[in-house]
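From first to last, the protein sequence lines are chains A and B. Residue numbering for the first sequence follows the numbering used here, starting at 1 and increasing by one per position. Residue numbering for the second sequence follows the numbering used here, starting at 1001 and increasing by one per position.
Because the hints were derived from the structure by calculation, they are not lab data. All C-beta atoms, glycine included, are put in the ideal place defined by N, C-alpha and C. Some hints could be false.
[Claimed, not checked] Partial pick of chain A residues on the chain B-facing surface, computed with a CB cut under 7 Å:
| id | residue |
| --- | --- |
| 1 | L7 |
| 2 | I12 |
| 3 | V16 |
| 4 | R28 |
| 5 | E35 |
| 6 | V39 |
[What the hints assert, rightly or not] Estimated spans, in silico, between C-beta atoms of each pair:
| id | chain 1 | residue 1 | chain 2 | residue 2 | range |
| --- | --- | --- | --- | --- | --- |
| 7 | A | F29 | B | I1083 | 34 to 40 Å |
| 8 | A | N2 | B | M1200 | 20 to 26 Å |
| 9 | A | R34 | B | S1195 | 24 to 30 Å |
| 10 | B | R1002 | A | V39 | 22 to 28 Å |
| 11 | A | R27 | B | L1254 | 43 to 49 Å |
| 12 | A | V39 | B | S1107 | 53 to 59 Å |
| 13 | B | W1165 | A | F29 | 31 to 37 Å |
| 14 | A | F29 | B | F1192 | 17 to 23 Å |
| 15 | B | G1287 | A | I12 | 29 to 35 Å |
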Amino acid sequence: MNAIKFLFAAYIATWVIHGVYLGSLVRRFSQLRRELKEVGKK
Amino acid sequence: MRKTFTILSVITAVLLAYALYQALVVAPTDAQQGEVYRIIYYHVPSAWTAFLLFFINFIASIQYLVSRKPSTQAAAKWVVLAIGVAGVVACFLPAVQRLIPAGMRPSAVATTVLLIPIFYFVIGWLFPGDRLDVLAVTTAEVGVVFCTIVLITGPIWARPVWGIWWAPGDIRLTSTLVLWLIYVSYLVLRRFSNSAQTQMLAAALAVFGALDVPLVYFSIWFFRTQHPQPVIGGGGSMDPRMLRTLLDSWIAFLFFAFLVCWSRFRLELLHREVEEAHAMESLAGEGVAAKASLPLNRSPR
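Whole structure, please, built from the sequences with the hints as guidance.
Set out below in structure tokens:
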């Protein structure tokens, strides 16, 4: 593996980590909103 | 609020794209390391952002701990002010200046010390009461994400440059890993403990955890490490285009971190709102159950 591949691996890894975290935030937001709506209905 | 968030998101996206362009195209190639050195444009800003977030977490945790008692809160204000004033004055005393590592400017140290009371009072003013705890959990979680990036991009850079993924025993690498583990344990404590004391325990853990941040930062100043020695402010030299690209990247990452923290902060508020709604619901349920258990012929007094 040449050096440039390491460079791209690092940049891609950074955005994959941020993407996964942002995805988890979106998932938790929608889950909490759904829960709040259910509690409100009761 | 939504409009501000959208505008900030657009600005952040432009800044990140510009920083990426600078990092990959504008910044010159390093004579010794070649193209792979460009990893620093993500690795270093991520580390600085993580340190800043852990620092905010530390201040918010202290504020949260002392806010339990008004007398402690008042005393803490004076202690923080005293630390700020004494720290700044000390940086200009010859005896203290001899302890400052070569290449590090006393004015830079004084400015950093001055940030402690500034952050303390600004955070206390902007985040009253339980919002301090919300800020603490927010900055810890986002800080761990940035610290994870540091721990992943570091070895990816090290493999082609050093020939190894990790240098066992290197104090910078080890202390960063310990820092990450401390904040992961902080998040685990917050996630799985149901005790009424969880917030206090987490705040105390955060205060001790933050003590590792100066160790991580200063390790390359005081010890010989496999990790490169400091270039900025450390007596080393750097091409001005490289330095500008590094600072541009950091600004872009700061904007991004701010947006992520904002979202995480709102998420935590929503989470507490849901918990409160559940608590109210169960209280109402208990009330109905208590009424139902009253004997039919017994009228309330």
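Index of numbered hints that the structure contradicts, given in increasing order: 2, 3, 8, 11 and 15
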